[in-house]
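Asker: The listed protein sequences derive, respectively, from chains B and U. If you're matching positions, the first sequence starts at 1 in this note's numbering and goes up one per residue. If you're matching positions, the second sequence starts at 1 in this note's numbering and goes up one per residue.
Since the hints were made in silico from the structure, they are not lab data. The beta carbon of each residue, even a glycine, is placed where N, CA and C say it ideally should be. Treat the hints loosely; a few may be bogus.
Stated by the list, open to error - Computed cross-link-like contacts, BS3-like style, restricted to lysine-lysine with a CA-CA straight-line distance of at most 25 angstroms:
1. B:Lys37 with U:Lys3
2. B:Lys54 with B:Lys42
3. U:Lys62 with U:Lys13
4. B:Lys56 with U:Lys62
5. U:Lys3 with B:Lys42
Stated by the list, open to error - Sample of chain B residues with no beta-carbon within 12 angstroms of chain U, all distances over it, derived:
6. His76
7. Asp84
8. Ile89
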Amino acid sequence: KTQVEQSPQSLVVRQGENCVLQCNYSVTPDNHLRWFKQDTGKGLVSLTVLVDQKDKTSNGRYSATLDKDAKHSTLHITATLLDDTATYICVVGDRGSALGRLHFGAGTQLIVIP
Amino acid sequence: DMKVTQMPRYLIKRMGENVLLECGQDMSHETMYWYRQDPGLGLQLIYISYDVDSNSEGDIPKGYRVSRKKREHFSLILDSAKTNQTSVYFCASSSGQANSDYTFGSGTRLLVI
Chain B
1 KTQVEQSPQS LVVRQGENCV LQCNYSVTPD NHLRWFKQDT GKGLVSLTVL
51 VDQKDKTSNG RYSATLDKDA KHSTLHITAT LLDDTATYIC VVGDRGSALG
101 RLHFGAGTQL IVIP
Chain U
1 DMKVTQMPRY LIKRMGENVL LECGQDMSHE TMYWYRQDPG LGLQLIYISY
51 DVDSNSEGDI PKGYRVSRKK REHFSLILDS AKTNQTSVYF CASSSGQANS
101 DYTFGSGTRL LVI
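With the hints as constraints, model all of the structure from the sequences given.
Answerer: Take a look at the structure:
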């Protein structure tokens with residue numbers, strides 16, 4: 001059973017618009033949550049990591065929230081650019097060390113059009 | 001520039017042939033991983049290596065084996081490849097410290113015919 005569910009599966013926005021990507025999970029324990037960006041044909045690049053029970057991070061036009069009580073995270077992208085076109089992957093880590101496992105969502109495919 | 005390098009980028013093999021996927025990292029990371037990515041699914045862990053000759057099975061190890069003789073190199077071997085092993089394979093590394101970052105390679109696209 002998939003333990004990390006992302007929505008929407010795909011999303012098309014116009015350049016300059018804002019968008020919100022959702023991640024719900026059932027992983028226990030949930031030590032931390034990461035968002036990755038994957039360009040087509042490329043590897044995953046880390047955008048942010050959230051650790052606290054209720055956490056917020058900001059990295060330029062990317063901001064993210066985590067609510068461990070609700071087991072829910074959001075990734076907000078502000079003023080989208082064409083280069084934001086990619087798959088965004090939510091990953092939950094069940095421990096903080098290498099002994100833990102990462103649980104990957106299937107990703108949200110974001111397409112930014114002119 | 002810190003990176004994980006995977007070779008080859010693309011590979012076509014016939015069913016039953018042996019396959020060797022190579023991964024290198026220049027960050028002296030202790031922990032390295034092999035994942036596969038299939039359409040509509042999240043990345044699945046094949047093997048994890050905590051250091052030289054210290055390897056553990058992941059969630060889908062069947063049909064695969066690994067080798068780590070140097071900290072900077074981690075190989076994935078498919079003995080007698082099967083068509084259902086057609087996938088994109090990603091190598092990653094991390095320092096293994098609490099909440100340390102993960103660095104992924106660009107992937108190897110393997111087609112088994």
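Asker: Compare the structure with each hint and give your call.
Answerer: Do the hints match the structure? See the list:
Simply put, Lys37 of chain B and Lys3 of chain U have alpha-carbon atoms about 16 angstroms apart, close enough for the 25 angstroms limit, and the pair holds. For the given pair, Lys54 of chain B sits about 31 angstroms from Lys42 of chain B by alpha-carbon distance, which is inconsistent with the 25 angstroms threshold. Restraint check for Lys62 of chain U and Lys13 of chain U: the C-alpha separation of about 18 angstroms stays at or below 25 angstroms, so the hint holds. Taking the CA atoms of Lys56 of chain B and Lys62 of chain U, the gap is near 39 angstroms; set against the 25 angstroms cutoff, the hint is violated.
A threshold of 25 angstroms between alpha carbons decides the hint, and for Lys3 of chain U with Lys42 of chain B the separation of about 13 angstroms falls inside it, so the pair holds. For His76 of chain B, the condition that its CB be more than 12 angstroms from all CB atoms of chain U holds, with the nearest at approximately 21 angstroms. Every CB of chain U lies more than 12 angstroms from the CB of Asp84 of chain B, the least distance being 19 angstroms, so the non-interface label holds. Not every CB of chain U is more than 12 angstroms from the CB of Ile89 of chain B (nearest about 7 angstroms), against its label as outside the interface.
Of the numbered hints given earlier, the model fails hints 2, 4, 8; all others are met.
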